[in-house]
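Engineer: So you can see what is in the structure, the chains are spelled out below.
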Amino acid sequence: DQQVKQNSPSLSVQEGRISILNCDYTNSMFDYFLWYKKYPAEGPTFLISISSIKDKNEDGRFTVFLNKSAKHLSLHIVPSQPGDSAVYFCAVSNAGGTSYGKLTFGQGTILTVHP
Amino acid sequence: NAGVMQNPRHLVRRRGQEARLRCSPMKGHSHVYWYRQLPEEGLKFMVYLQKENIIDESGMPKERFSAEFPKEGPSILRIQQVVRGDSAAYFCASSPREDNSGNTIYFGEGSWLTVV
Numbered sequence: 001d002q003q004v005k006q007n008s009p010s011l012s013v014q015e016g017r018i019s020i021l022n023c024d025y026t027n028s029m030f031d032y033f034l035w036y037k038k039y040p041a042e043g044p045t046f047l048i049s050i051s052s053i054k055d056k057n058e059d060g061r062f063t064v065f066l067n068k069s070a071k072h073l074s075l076h077i078v079p080s081q082p083g084d085s086a087v088y089f090c091a092v093s094n095a096g097g098t099s100y101g102k103l104t105f106g107q108g109t110i111l112t113v114h115p
Numbered sequence: 001n002a003g004v005m006q007n008p009r010h011l012v013r014r015r016g017q018e019a020r021l022r023c024s025p026m027k028g029h030s031h032v033y034w035y036r037q038l039p040e041e042g043l044k045f046m047v048y049l050q051k052e053n054i055i056d057e058s059g060m061p062k063e064r065f066s067a068e069f070p071k072e073g074p075s076i077l078r079i080q081q082v083v084r085g086d087s088a089a090y091f092c093a094s095s096p097r098e099d100n101s102g103n104t105i106y107f108g109e110g111s112w113l114t115v116v
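Note that the protein sequences, when read in sequence, are chains A and B.
The numbering of the first sequence is my numbering, which starts it at 1 and goes up by one.
The numbering of the second sequence is my numbering, which starts it at 1 and goes up by one.
No lab work stands behind these hints: they were computed from the structure.
Among these hints, one or two may not hold up.
Short, incomplete list of chain B residues facing chain A, as computed with Cβ under 10 Å [unchecked claim]:
| # | residue |
| --- | --- |
| 1 | 4 |
| 2 | 6 |
| 3 | 9 |
| 4 | 13 |
| 5 | 16 |
| 6 | 33 |
| 7 | 35 |
| 8 | 40 |
| 9 | 41 |
| 10 | 43 |
| 11 | 48 |
| 12 | 65 |
| 13 | 66 |
| 14 | 92 |
| 15 | 107 |
| 16 | 110 |
Using 27 Å as the maximum straight-line C-alpha spacing, the simulated DSSO-like pairs for lysine-lysine come out as follows [to be verified]:
| # | chain 1 | residue 1 | chain 2 | residue 2 |
| --- | --- | --- | --- | --- |
| 17 | B | 44 | B | 27 |
| 18 | A | 37 | B | 44 |
| 19 | A | 37 | B | 27 |
| 20 | B | 44 | A | 71 |
| 21 | B | 44 | A | 5 |
| 22 | A | 68 | A | 56 |
Listed next, with one range per pair, are the computed distances between beta-carbon atoms [unchecked claim]:
| # | chain 1 | residue 1 | chain 2 | residue 2 | range |
| --- | --- | --- | --- | --- | --- |
| 23 | B | 83 | A | 42 | 23 to 29 Å |
| 24 | A | 82 | B | 30 | 36 to 42 Å |
| 25 | A | 76 | B | 63 | 39 to 45 Å |
| 26 | B | 76 | A | 42 | 20 to 26 Å |
| 27 | A | 12 | B | 83 | 42 to 48 Å |
| 28 | A | 72 | B | 87 | 32 to 38 Å |
| 29 | B | 9 | A | 56 | 33 to 39 Å |
| 30 | B | 39 | A | 81 | 26 to 32 Å |
| 31 | A | 67 | B | 76 | 37 to 43 Å |
| 32 | B | 72 | A | 14 | 51 to 57 Å |
| 33 | A | 17 | B | 63 | 48 to 54 Å |
| 34 | B | 78 | A | 14 | 46 to 52 Å |
| 35 | A | 42 | B | 30 | 20 to 26 Å |
| 36 | B | 39 | A | 70 | 27 to 33 Å |
Backbone N, C-alpha and C fix where the C-beta goes; we use that ideal spot for every residue, glycine too.
For reference, chain B alone in the conformation it holds in the complex:
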């Protein structure tokens, strides 16, 4: 399976704990994006990363949220001191370094975070 891999699929955290979500892009893809879907809403862009670089983090909340895409290993979305409002589905997507088909990005299955 060469798709975008996300883990964990489901994560339960108590308020104040940290949540770490991992994403491995499709083979050959070097661009990673994180999106969040709150209940009853569409997906909202959070951050765009390339290896070792954050390109666009305009959708990231100013506090408690951070993302990285190291030279080796998966991309990590980290949420510190989680609150109930962080409960959502977090989707990772990837695209190839050179894509002649426009802005098509391919999503993983998602990580569902529940804060209790």
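Next comes chain A alone, as it looks inside the complex:
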């Protein structure tokens, strides 16, 4: 029973173009959404997040979009750079109470940005 799905195991993009990573979730109780980036043999690094009261959050080259009716979120990276090549995980949570910090992760998408 996968509550969070990243249906694309990998994505290949040319440097300078846009990278779009997608994530679907099943539980409408989730109200906080995050993206993490991970290099091999390292821990995940927090990138950007969004709460359910918003539909867009932007931070530099990274923008996260949330479509609550479709239970879908996406991460846009523009322009993409070779250093962005990594595994990207979406994560969701039910904020507040004892669920604080208890995240459910997707399986990850391997992004490769070619020079």
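Use these hints to put chain B onto chain A, whose structure you have.
Structural biologist: What follows is chain B alone, placed relative to chain A:
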């Protein structure tokens, strides 16, 4: 370096031995979480601790696994009588006591356990 510190980074154990993984949270953080990543899978929540208290251990296997976060010292994830299926990357994360930015947690570099 004020990040989440985990050690050892790599640990090899024979089947039946015990593995102890340690985690020191970021300075000022009093909430600690342990996650496990099995090969080819995403990270899975194991346990959430505050100082001297286990808050949520719903992701911990029922047997052989235990976690603590004592008043002094690092958090410890202990795996007794390890089996090959315990081979995985174990990540610790922490968050501050009061965090106005939502459920953002910050991960350490991970401890890679290999059971031979």
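Engineer: If you check each hint against the structure, which ones fail?
Structural biologist: 4, 5, 12, 13 and 27
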